[in-house]
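Work out the full structure: start from the sequences and follow the hints.
Just so you know, we're using this note's numbering here: the sequence shown kicks off at 1 and counts up by one.
No lab work stands behind these hints: they were computed from the structure. Do not take every clue at face value.
Stated by the list, open to error - Now the in silico label distances, taken between C-beta atoms and shown as ranges:
id : residue 1 : residue 2 : range
1  : 4         : 30        : 28 to 34 Å
2  : 50        : 82        : 32 to 38 Å
3  : 131       : 8         : 40 to 46 Å
4  : 5         : 82        : 16 to 22 Å
5  : 76        : 134       : 28 to 34 Å
6  : 69        : 30        : 21 to 27 Å
7  : 138       : 4         : 39 to 45 Å
8  : 40        : 140       : 26 to 32 Å
Unchecked claim - List of simulated lysine to aspartate or glutamate pairs, DMTMM-like, C-alpha gap at most 20 Å:
id : residue 1 : residue 2
9  : 108       : 34
10 : 105       : 37
11 : 108       : 37
12 : 54        : 81
13 : 105       : 34
Predicted model only: the values in this text are computed from it and were never measured. Even glycine gets a Cβ: it sits at the ideal position worked out from N, Cα and C.
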Amino acid sequence: MNLAAQVIAVLATGYIIGSIPTAHIVMRIFRKKDLREIGTGNITSTAVMIHGGKLPGSISLAGEILKTFLCIYIAYLLVGELWAYLVMLVIASIGQIWSIWLRGKGGKGQTIFATGFMVLCPLPFLISIGCMLVIFLVSRRFLISNQIWHLITPPIML
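So this is what it looks like as structure tokens:
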């Protein structure tokens with residue numbers, strides 16, 4: 001497979017896997033509620049934990065972690081190089097944030113992003129967490145520090 005085909009396969013697969021709304025599905029199964037209409041409207045495992053309980057929240061989190069390992073494994077099968085793992089995880093996070101299944105709604109992309117990078121590159125991951133904490137202490141805004149963290153982590157990882 002040539003490089004262009006590899007990139008397209010990594011992008012498409014990462015987005016599709018990431019966009020599976022695990023938290024939404026778990027909440028629907030356990031509580032028959034739509035997370036988009038509860039609390040902040042974010043579709044996250046934390047929201048499931050808060051509004052659905054510990055068991056549904058834990059299952060949702062496990063599903064997100066499973067999606068992460070599935071992304072890493074498929075990137076390994078498709079390409080087997082670090083760039084593919086990193087791109088797959090970033091795109092999967094984007095899929096989680098803007099899920100096609102939820103008409104552009106979604107979560108924060110945090111679980112896939114953090115779990116994947118922690119597994120692939122533990123030391124650079126810790127450095128990026130330190131950067132995020134500094135940004136948070138300066139800005140006092142978690143959302144901004146989280147978004148900047150998502151942008152600076154891949155270059156730190158490389």
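Evaluation of the provided hints:
{"no.": "1", "hint": "4 - 30: 28 to 34 Å", "result": "violated (42 Å)"}
{"no.": "2", "hint": "50 - 82: 32 to 38 Å", "result": "holds (36 Å)"}
{"no.": "3", "hint": "131 - 8: 40 to 46 Å", "result": "violated (31 Å)"}
{"no.": "4", "hint": "5 - 82: 16 to 22 Å", "result": "holds (19 Å)"}
{"no.": "5", "hint": "76 - 134: 28 to 34 Å", "result": "holds (33 Å)"}
{"no.": "6", "hint": "69 - 30: 21 to 27 Å", "result": "holds (23 Å)"}
{"no.": "7", "hint": "138 - 4: 39 to 45 Å", "result": "holds (40 Å)"}
{"no.": "8", "hint": "40 - 140: 26 to 32 Å", "result": "violated (19 Å)"}
{"no.": "9", "hint": "108 - 34", "result": "holds (16 Å)"}
{"no.": "10", "hint": "105 - 37", "result": "holds (11 Å)"}
{"no.": "11", "hint": "108 - 37", "result": "holds (16 Å)"}
{"no.": "12", "hint": "54 - 81", "result": "violated (37 Å)"}
{"no.": "13", "hint": "105 - 34", "result": "holds (12 Å)"}
Hint check: violations occur at hints 1, 3, 8, 12; the rest are consistent with the structure.
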